[in-house]
Every structure is written in structure tokens, then in C-alpha cells.
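Engineer: Residues per chain are reported as follows:
There are 2 protein chains.
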Amino acid sequence: MGNTSYFSDGGLQPLFYPTSIALAGVTVNNPEHWTRTFLNALLEFQFEGPLYLVNPRGGEIRGIKVYQRLADIPQNIDYVISTVPAKAAPGLIEECAHKGVKAVHFCTAGFSETGEQEGVRLEAQLAELSRKTGIRILGPNCMGIYCPGSRISFNMDFPKESGPVGFISQSGGNAGGLIHQIMSRGVRFSKVVSYGNACDLNETDFLDYLAADPETKIIGLYIEGLKDGRRFRQMVEKAARAKPIVLLKGGSTEGGARAAAGHTGALAGSEVIWDSLCKHVGIIHVHSLEELADSLVTLSFMDPPKGRRVALIGDGGGNSVLITDEFERTGLKVPPLPQEIRNLIGEFTPLAGNILRNPIDYSQSTMESEKFLRTVRIILQWEGIDFLIWFPNLAWVELSEMHRMYKIVDGILKESRAASKPIAVVVRTDILPELAKKVYSFAQKCVSSELPIYYSFASAANAIDLLLRHKERRLGKPLSGA
Amino acid sequence: MGNTSYFSDGGLQPLFYPTSIALAGVTVNNPEHWTRTFLNALLEFQFEGPLYLVNPRGGEIRGIKVYQRLADIPQNIDYVISTVPAKAAPGLIEECAHKGVKAVHFCTAGFSETGEQEGVRLEAQLAELSRKTGIRILGPNCMGIYCPGSRISFNMDFPKESGPVGFISQSGGNAGGLIHQIMSRGVRFSKVVSYGNACDLNETDFLDYLAADPETKIIGLYIEGLKDGRRFRQMVEKAARAKPIVLLKGGSTEGGARAAAGHTGALAGSEVIWDSLCKHVGIIHVHSLEELADSLVTLSFMDPPKGRRVALIGDGGGNSVLITDEFERTGLKVPPLPQEIRNLIGEFTPLAGNILRNPIDYSQSTMESEKFLRTVRIILQWEGIDFLIWFPNLAWVELSEMHRMYKIVDGILKESRAASKPIAVVVRTDILPELAKKVYSFAQKCVSSELPIYYSFASAANAIDLLLRHKERRLGKPLSGA
Chain A
21 MGNTSYFSDG
31 GLQPLFYPTS
41 IALAGVTVNN
51 PEHWTRTFLN
61 ALLEFQFEGP
71 LYLVNPRGGE
81 IRGIKVYQRL
91 ADIPQNIDYV
101 ISTVPAKAAP
111 GLIEECAHKG
121 VKAVHFCTAG
131 FSETGEQEGV
141 RLEAQLAELS
151 RKTGIRILGP
161 NCMGIYCPGS
171 RISFNMDFPK
181 ESGPVGFISQ
191 SGGNAGGLIH
201 QIMSRGVRFS
211 KVVSYGNACD
221 LNETDFLDYL
231 AADPETKIIG
241 LYIEGLKDGR
251 RFRQMVEKAA
261 RAKPIVLLKG
271 GSTEGGARAA
281 AGHTGALAGS
291 EVIWDSLCKH
301 VGIIHVHSLE
311 ELADSLVTLS
321 FMDPPKGRRV
331 ALIGDGGGNS
341 VLITDEFERT
351 GLKVPPLPQE
361 IRNLIGEFTP
371 LAGNILRNPI
381 DYSQSTMESE
391 KFLRTVRIIL
401 QWEGIDFLIW
411 FPNLAWVELS
421 EMHRMYKIVD
431 GILKESRAAS
441 KPIAVVVRTD
451 ILPELAKKVY
461 SFAQKCVSSE
471 LPIYYSFASA
481 ANAIDLLLRH
491 KERRLGKPLS
501 GA
Chain C
21 MGNTSYFSDG
31 GLQPLFYPTS
41 IALAGVTVNN
51 PEHWTRTFLN
61 ALLEFQFEGP
71 LYLVNPRGGE
81 IRGIKVYQRL
91 ADIPQNIDYV
101 ISTVPAKAAP
111 GLIEECAHKG
121 VKAVHFCTAG
131 FSETGEQEGV
141 RLEAQLAELS
151 RKTGIRILGP
161 NCMGIYCPGS
171 RISFNMDFPK
181 ESGPVGFISQ
191 SGGNAGGLIH
201 QIMSRGVRFS
211 KVVSYGNACD
221 LNETDFLDYL
231 AADPETKIIG
241 LYIEGLKDGR
251 RFRQMVEKAA
261 RAKPIVLLKG
271 GSTEGGARAA
281 AGHTGALAGS
291 EVIWDSLCKH
301 VGIIHVHSLE
311 ELADSLVTLS
321 FMDPPKGRRV
331 ALIGDGGGNS
341 VLITDEFERT
351 GLKVPPLPQE
361 IRNLIGEFTP
371 LAGNILRNPI
381 DYSQSTMESE
391 KFLRTVRIIL
401 QWEGIDFLIW
411 FPNLAWVELS
421 EMHRMYKIVD
431 GILKESRAAS
441 KPIAVVVRTD
451 ILPELAKKVY
461 SFAQKCVSSE
471 LPIYYSFASA
481 ANAIDLLLRH
491 KERRLGKPLS
501 GA
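If you read the protein sequences in the order shown, they are chains A and C. Each residue of the first sequence is one higher than the one before, starting from 21 at the first, in our numbering. Each residue of the second sequence is one higher than the one before, starting from 21 at the first, in our numbering.
Hints in this document: simulated from the structure, not taken from any laboratory. All of these numbers come straight from a predicted model, not from anything done at the bench. Glycine residues also receive a C-beta, built at the ideal position from the N, C-alpha and C atoms. It is possible that some hints are incorrect.
Cβ-to-Cβ under 10 Å is the rule here; a few derived chain A residues that face chain C [what the hints assert, rightly or not]:
1. Trp402
2. Tyr475
3. Ala478
Could you put the whole structure together from the sequences, leaning on the hints where they help?
Structural biologist: Okay, structure coming up:
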């Protein structure tokens, strides 16, 4: 078992690296029932510690004995994942206390987020029991922990490999949504926590943990409301000095705040306050799950360029015009190629059907990959740019010709390293099956080369601008081209 | 042959509804060569008029005789599509004049867009020959006409059915890019023109034509630079009174303008001037191909709602929070459900795991499609909202359960019609093959029901806001909820 992280952990080690887990409330009769979620995921991930099942009916599930009560389990239990109904939650804590359990994750909903008196009361009772017994509570109303290093997951189809991104999400759906959205772009996670109503452990506890966690190099946050604003502010200031942080704040409009209250019982707070906190502390502030995904791709795979000056090379005149508009509108600079560089490229590249100005539309000659790579080399060696974007048009490439694109991926990576200038890739995609298939294969090739990939000009420009603004804030000065 | 449009056509009828076509410059020996593009597309579309091939080498292609010269063709020719090299273009016009050809489309690049003296001179010569001979020229440096009604296309895989959208695009790549991007969302076209360097026929000529064309109900424009600003302004003002127009202006930044000059030789003009023109005339102004696609989907499939007040119903608490933020940030209103409506829904819907506030997170009960549709009916009957957005999470639906989603599509459409309140659908997608496949099937079901579909919360909010702003500008007053 990957018990690899040793540091002052605020008592959270039993959640991320439990030596044993009991699942309380898992359904015996109905294999399709949602209470099977965690069992299915832990078996799929081959969690290596002992795994116990508890349900008053007893019996057996997938060859594993079901105990009728927690107390019946002969061995010690570190961590309990509970899917018992809300009203049975307080009783379970007391059983856990007798059994010496260190932490409990309550998945079930039906607490303060309902706005009903009974739910609010039950949640307050859980918090009180946590203080009294010393048992740490994760939730209620959340999906809990995904930690590939210790083979814990709340979803069977998350990646099994670890990576540098830690993600703290008040929403389980948004945690899963983010993981799914960027797994095909190569991003991998150290730890993900969906923490819900946060009656005991909250955003700040997890931030504290991830800030110190040696496995975590980049931190993502999805927060609907804070439990302790002052403590969060202190901690996030400290954490942001150590690691880049990207924040998506849910509930920043009147209606969104109402939704957040109904979702996790959160008090949302105003957009202005959050924006000024991010500016002050140096947090990358994003406004959608897509933008969060793009930022984490950038932080995972792109060294910050030395400046804002970009060379754009790819397929299509209209595309060249639009990508240039998008990058310049965002505040990046697309400087014209000097005549001597144009002449160098023009020696082996026809002018008709290509544009050699920056942007560089190479559509007539992309398939001649040696010419294309020679052009990339010439451009990267020019001191007038800091990074390069490649925007191939896969709609124009036959499936049988994709190997030429893969050859360019290998070559462009080599050129990028030789010139010490980062490269990113943008491909338009669509749900049309043939194009989707090509884009998927192409993305997997980029991922294996650790190239950042984006699916629209706007999202690439925005994500790279956010990275550069973050760097400028750290340096305290604008970069070249700004 | 669908010679269906009769109106004062400014001499453009031979381009859209030619009685015969000759392809000049099509390669005899190499079936993979780009000069085969038009032949392949016209055969695929089964163009019904006589189709002639011309190449000095003579011979035969796909069973069709190749004439060595235009003059050798015994019959009359209406329209010539030319892929001859730039330097041979003027000679071809003179041959066309002798043969009585009415219009020529020059696809080939290598004219003023190169910035080279020779290219500029050749293009001026073409313009001069057009004036002298009366032959209308489309291009050079463009893909020409796609008109499914007359079975003309420049791409084999464009849809064969006609639709209400006319699109005038200076870029052939962006024309194809747009068609591909929205064909899977059900949008169909009356006519699409890629017109390139516009040495004779320009944006205004085509706008004039589409404004009068009874087949065209909605007009899209992609323009890099104008040939005659004053005439364009007059025409677009007139056209905008008759039909909704969406404009994507390429080259609106310094770098983008440089790209446009290298692409179509266009002089781009400033963003500010274009923006004020759009505001004054009542044109929907968009800034990316994706936004253009979303706007055309909205105009094609959504009746303008009576006001800005929306009900949001779908799957996931975190999603509910984020979609609400996105809609309210864009200037739409998500009013809270009154208690009596909540009570009505609460009678058959559990509170735990759902949110019944507007947004409505129905994730625990979506699969019970009768409850879901009953909820939709109650909400649509409430006078506090003007339209409804459904955001199912297809990542949570097994492929084998998709039929339940299709049942909801049918039901939601019925409810929408009964209440006379429009409905739109948002589904997140990804390149992950399984999800992409589900989204594609689901989108096809929405398309067959003529429901507008979007792939992100932001793009749905933005496209519907643009529609409402357009309506408000027409009415000269804000709508309810503004």
C-alpha cells in the first residue's frame, strides 16, 4: 500500500492512507443500488488493506462476508465509509467510537442542505459527536476520497496512476466531472476530496494537508462556501506561496448562491470579495469547470514561457486569422516574422496557399513533415518569440495519414526542448464520430509526449494567459510583450 | 434540378443554379490531387446538369471525357470552376468569353494575398477582364459554392438536405469548419459561399442575393475585409430588417489583420467600428466560430422566449450551481420557485439528493421519467419563467439506459409546445470514446425533435442572451427579467 506521504497531516492520514476500511450501509440484495458505489470502486482499484462490509441483514456480497454490526468485526478499523440513511448517522458514530475508528465519511444526503429543520439538527448532532469522540468526519453529502496511491476511489473508471494535481471539491459531481474531463488530456491526481456539507473537516483542513503533501504540486479548489473565512484566508495565503492554486468559486451570483445553499448548505459570499482575495494572494481564478480543466492542463504540462510573445503555426487561413485574434484579444502578442526569417522559410515553402507572417498557415505543406519541422526550428530559434502554438486541422487529415501527425508530435517536442521554448497544441473537435475518434487518438499521442492540448483557440489563449499572469504576479513585473 | 429561387438575383443565378458546369484544371493522373475536390463533390451530390472536364492533356476521369480546351466542348456552358494555376487564370477568362460562359469560380491561390507584385497584378487583370467581358468572377483563392438544393458542393461530406441558413464566408476553411461543427446539431444550409479575395463578386453582392432569397431565413457572415464599405453598410442595414444576421469579423486585432492580409488580401478595419455598426444595424456580433455555430443553432431551433427568466433543471448539485452562475452572470434571470410550486413538486419528489429551488437538481429521480416530466410541466405552467433549460449528465447514464433519456426528449418537447415556452438542452461532452458516443446519439435524438443543443453552460447562456438582446433591440425595450 502506497503509504508514501509522511508529514504533519492534521489527523487526515487515516482518510488518505487507511490501513483498513469498513463500508457501512452497503446494500446486500441489489447490485445496481448506489450504495454499492464504493465497494465496486475499491475492488476495481484493488485496495490492499482489509475491507469489511456492514449491513444489519448480514449475508455476503461478491464473496465478502457482511457483518451485521461494526462491533462484530474482530479486527481494528481505521476508516468507515457510510451510506446509511441520514437518521442512522449519529448512531453509527457512536458505534465507531466504541470500535476505535479514526475517521468516517458520510456519503448520504438529507442534512442541512435540505433546509429542513430535521436535517439541520442531524448535521449539528454529527458535528457535536465528532468533537466529543475525536472521530474526524468527512461530509455528510459528498463522495469522499480518490487517492490512487493508496488505491482508494469513489468511481471505478478514474485513472489508477497518480499525478501532481490535488483537488478539493465541495461537490462530488464536479470532482468526477473534472477528473473525467482531463484524464484524456493526461492530467493525473495525487488526491481528490469531495467534502460536501463539511460538518467537521472542511476546505481549510484539506488545503493544509495538500499544501504539505509532497505528492501534490498543483492545487485545484471548487468551493461553494467557507466554514471559517479567517482561517481559510491565512491558510490559502501560505499554500499559494508553496504551490500554484486554481480556484473555481460556485455560487457567485444570487441564483448560484441559492443553488449552493440547496446543494451543500453553503453560504456563498460575493464575487467581488473572492476576486480580490485571489488577486491579493496570487490564486488563479477561473469561472467554469472547463476553464479549471484547461488551467490544470497548462500547469501540469507547460513550463511558464519567458514572455507573452507567441508564434502560431497550423492549418487554414481562416483559422490563422481567428486564432491570432483570439490570442491578441486575450493580451498575448503575435509579433510579425522579420523578413530574414520569412526568406529562410520561403526558400523551401511555397507562398501560394500558405501564410508566412506569424501566424504561419502551413496547410499546403503540413504533410511534408520535414519542411514543417524545419520551419518550426527556424521560428523557435528566432529570439522574437517565447513559445509556440501548433493548431493542426484534423478534419483535413485522413485517418490513414494520422501517422504523419504523430511524427510531427515527436519532432515538435524535440525542437521545443532544444530551443527551451514551450509548445502547446490546439485541435478543434466535434461529436461527429470520425473526427472525435481522430482527435482522441491524436490527444493520446500528445499526452504520451506530455504536450498540453486544448480544444478551442479561446481556451488555449485564456489558459496560457492565466499562467503568464500568475507568473507576472509572482515576479512583480510584466513579461516581455506585455 | 432544384431551380427553385426566382427573384432579382444580381446575375448570381448561374453560380447557385447553373444549367451546366465545366471543371477546368482538374488533374487527369492523380486521383488524390486537390484539383479533384470539386469533381468528387459534384459526383457525390449527383449534380444533374451536364458536367464537363477540361485539361490540356485530355483523356478520361471516372468515365468522363476530358476535353483539351473549353472551346472543344460542343454544348453551352453556364459556369466554370477553375483549379488552373494563377498565371493561367487570365487566359481562361478569355476562353470563357468566347464560349459564352456566365460565371467563373477561381479556386487557386497565389494572387494579391501573397503580397507579391506578380500576384497583385494577376488579380487586377482578372478584375479588369471581368469588367470587359461581363463574366462574373467568384474568388480567386476560395472554395466557392455549396448549394444542396442544386446539388453543388465543394466537399463530399456536407449534408445533402437544404435548410434555412445562408452563410457568406471569406474563408473556405471557416465555411467548412462551421458546416461540420453544426451539421451534427441539425443546422442545415440554403447556400454557403466562400468568396476569398473578391476581385469581382464580393460580400455585398452575396448579401444582396441572400437577403432576397426565399430559401434563406437566417444569414451568417464571416468577413475579413470589405471591398466597398459604404455599399455594404447600406445593404446590411436593409438585410438586417428582413432577416436575422450573425457576424464573425476576422482580423479584428493587429496580428489578426496581418493574418487576414496574408489570407485574402483583406484590409481588416477596427473592432470598434464593426461593433458600433452591429449595434446600430441590429446584427448579432460574435467573436469565434464556436459562438457563430451556437448562435445559428439558436436561431434555427429556438423561438425567442418572451423574457429573460429561465428555469434550469438537470443532474448534479455542483452542475446546478455552476449553470446558475453562468446564466445569471450573462444577464439572464433564474428566479426562485415559489413555495407553492416547491410543495407541488415535493409531493412526489424526495428532497434528499435533489434541489427544488430553481435551479432544480433532479439527479436522484431523473430516471423516473414520469416524475421528471410532471415536474417539467409544473414548472412550465408557472408564470414566473419564460423558457427552460434541461442539463442531463450523460456521464451518469449507462448506454443501455439511454432510451429513458430519449423518452424525456419526446416528453419535454410536448410540454414545451403545450406551454408555448421554448426549451434548450445542454450536455457536457468530451473526447472519451464512450461519452462521445452517448452524446452523439443523444444529440441526434434532440436534432430529430428540433431541440437546440449546446455543449457547455457558458455557450448556451451566451447564445440565448444574444438572441434575447437581438429581440430587445428590435422591440426597442428590455424584456421581463432584464
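Engineer: Now look at each hint and say whether the structure bears it out.
Structural biologist: Hint check results:
Hint status for tryptophan 402/A: violated, given a least beta-carbon distance of 16 Å to chain C, over 10 Å. Taking 10 Å as the C-beta contact cut-off toward chain C, the hint placing tyrosine 475/A at the interface holds, the least distance being around 8 Å. At about 6 Å, the closest approach between the beta carbon of alanine 478/A and any beta carbon in chain C falls short of 10 Å, and the interface hint on this residue holds.
In the structure shown, a violation is registered for the earlier hint numbered 1 alone.
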